[in-house]
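Student: Construct the entire structure; sequences and hints are all you get.
Chains as they are written, first to last, in the working numbering: chain A, 118 to 366; chain B, 818 to 1128.
Be aware that a few hints might be false.
[Stated by the list, open to error] Computed list of chain B residues with no C-beta within reach of chain A, every gap over 12 Å:
1) M818
2) N828
3) E878
4) D900
5) V981
6) A988
7) G1022
8) A1039
9) D1069
10) Q1117
[To be verified] FRET-style restraints, in silico, Cβ to Cβ:
11) B/A937 with A/K310: 45 to 55 Å
12) A/D129 with B/D1098: 17 to 27 Å
13) A/M287 with B/E848: 26 to 36 Å
14) B/L1000 with A/A183: 44 to 54 Å
15) A/N361 with B/D1098: 26 to 36 Å
16) B/A937 with A/R343: 30 to 40 Å
[Claimed, not checked] Residues from chain B shown here face chain A by an in silico Cβ test under 7 Å; the list is partial:
17) A933
18) T952
19) V1091
Think of the hints as simulated: they come from the structure by calculation, not from any bench. Ideal Cβ positions, reconstructed from N, Cα and C, are used throughout, including at glycine.
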Amino acid sequence: MKVLVAVKRVVDYNVKIRVKADCTGVDISNVKFSMNPFDEIAVEEAVRLKEAGKAGEIVAVSMGPAACQDTLRTALAMGADRGILVTSDEDLQPLAVAKLLRAIVEREKPGLVILGKQAIDDDSNQTGQMLAALLGWPQGTFASKLTLEADSATVLREIDGGLETVKLTMPAVITSDLRLNEPRYASLPNIMKAKKKPIDTLSPAELGVDAAPRLVTLKVEEPAKRKAGVKVGSVADLVDRLKNEAKVI
Amino acid sequence: MATLVIAEHDNQSLKAATLNAVTAAVALGGEVHLLVAGQNAGPAAQAAAKVAGIAKVRHAEDASYAHGLAEPLAALVVKLAADYTAIVAPATTTGKNVLPRVAALLDVAQLSEVVAVVSADTFVRPIYAGNALATVQSKDPVKVLTVRGTAFEAAAAEGGSAAVEAVAIPAVGGGSTFIDQQLSKSERPELTAARIIVSGGRGMGSGDNFKLIDAVADKLGAAVGASRAAVDAGFVPNDLQVGQTGKIVAPDLYVAVGISGAIQHLAGMKDSKVIVAINKDEEAPIFQVADYGLVADLFQALPELASELSK
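Tutor: Structure follows, in structure tokens:
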């Protein structure tokens, strides 16, 4: 069974982002980019399925500017077999990404698609669910454990009240939560090997998808800053202030 | 123009987040209807009819809705969508699971975790773990949004008298089957509804040490939370996680113990009214957002705090 994994290039999670002075967006010039952490987990899961003999070829897909090549190389170094890059300089919003992924699924015919549950830049948490909808496939979102059987997948999901188990017929879409696995670091030999793995480049037009944004960002602002308060000297002082100053207990 | 709010419920009663979503829906203008889809969900539908500001309750009764599976629920909402200019759900794990599916089937964008309604087509939502707020306009004919509970007051649970109308059920398979749920049982208040939260981080060192947190929480009638690091380390279950990808909370008092204050944790709690940080590292970033900071060893400070609160 072929597995498709979607990976997004995002501002590294360690970068403290700055809002542009003219409020048109977040300043992403000269900052470090990495693979979205949830997508690393998705790649790792696919590689583990392959290592366990449950998956065949792993195809990694990324979308955006040409620099997404780097993100794909990371996925290839982790163990994906080949990459597909959909190049676009437009703001690719979740619905457009889902449509592009559907077009790729129709070409590649994977039995399983794994995505991160959420990208840490736009925090949308939509693409996997949208892809499942467009394909008419079942979805196992926020997965913290994935077990594949012959023609079904059992997914342990992280939900507000605890955990939930669902069974999905295949093919299916899975989105990874934090506890699904701990992604590996790519070894140097694997990074070298990844440079020789093939990456196909496509455009939204070649895939027959209108990827124009539906949402218009009018402005981006910094939220109100919290000011650091005071250091208290003792537990007794703390309790006194919570009772008599803040009046919250 | 009318808005459909997807009620979150356990077939018996409405979950609190539903009431916050109703307030956001009212802010859009126009009639607000509540969809209660469930199995033997009559009591939840009756509760929905009493919510202030609701013009109509649409009650869909089927075994496939018993556990809020995304595939049948999205199919149902899509079938009803022609009557609405907006579809709203609370940004809970259920809402986040279902609503993007609805939006894609309607070929419209979805807006996640809306924190303010500017107008019927313009909304504010956090991006980059809440380090920026984007004001976003949707040109789609139907607005589909999940709303963050802490950003909207709860609508009054009593006072309304909406009619309850049964809804015809579309036939769909969907390919998913509910197997079971392992819900955490706790006598304590629910995290997202608690007035006071005491959270532990990696500094707690073990799950066993969380009993020190529990002791303080018991004195305060507080909910217990945790940082991602504490959940990843297996100290406590996932549903206690506060942060960008866990629960978003805004209690009157948030006590962070042994939590360094990573960006993704701050994203989940920085709207709390009063923040207390207890950490032995005085350079910890959590102190930059804390109203009251105590530089101390938590293994001494927590028992002392519990005994001080007993006085």
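Student: Hints first: check each against the structure and report whether it holds.
Tutor: Going through the hints against the structure:
Chain A leaves B/M818 outside its interface by the beta-carbon criterion, the shortest separation being 19 Å against a cut-off of 12 Å. With 12 Å as the threshold on Cβ separation, the claim that B/N828 sits away from chain A holds: the shortest Cβ distance comes to roughly 14 Å. Separation of B/E878 from chain A is adequate, the least Cβ-Cβ distance of about 21 Å exceeding the 12 Å criterion. Interface exclusion of B/D900 from chain A stands, the closest Cβ pair being 20 Å apart, more than 12 Å.
The claim that B/V981 lies off the interface holds: its Cβ sits roughly 26 Å from the closest Cβ of chain A, which is beyond the 12 Å cut-off. With a closest Cβ-Cβ approach of about 14 Å to chain A, B/A988 is found to remain outside the 12 Å limit, as its non-interface label requires. No beta-carbon of chain A is positioned within 12 Å of the beta-carbon of B/G1022; the least distance is around 19 Å. The claim that B/A1039 lies off the interface is violated: its Cβ sits roughly 9 Å from the closest Cβ of chain A, which falls inside the 12 Å cut-off.
Separation of B/D1069 from chain A is inadequate, the least Cβ-Cβ distance of about 5 Å not exceeding the 12 Å criterion. Annotated as non-interface, B/Q1117 brings its C-beta within 12 Å of a C-beta of chain A; the closest such distance is 9 Å. Remark: the range hint 45 to 55 Å for B/A937 to A/K310 is upheld by a beta-carbon distance near 54 Å. Range check, A/D129 to B/D1098: Cβ separation about 23 Å, and the 17 to 27 Å hint holds.
About 42 Å separates the C-beta atoms of A/M287 and B/E848, a value inconsistent with the hinted range of 26 to 36 Å. At about 47 Å, the CB distance of B/L1000 to A/A183 agrees with the hint of 44 to 54 Å. Between A/N361 and B/D1098 the beta carbons are some 28 Å apart, a value that agrees with the proposed interval 26 to 36 Å. Judged by the Cβ atoms, the range 30 to 40 Å given for B/A937 and A/R343 holds: they are separated by roughly 31 Å.
Hint status for B/A933 relative to chain A: violated, with the closest Cβ pair at about 11 Å, above 7 Å. Using the Cβ-Cβ criterion of 7 Å, the hint placing B/T952 at the interface with chain A is satisfied: the shortest such distance is roughly 5 Å. Interface hint status for B/V1091: upheld, as the beta-carbon distance to the closest one in chain A is roughly 5 Å, under 7 Å.
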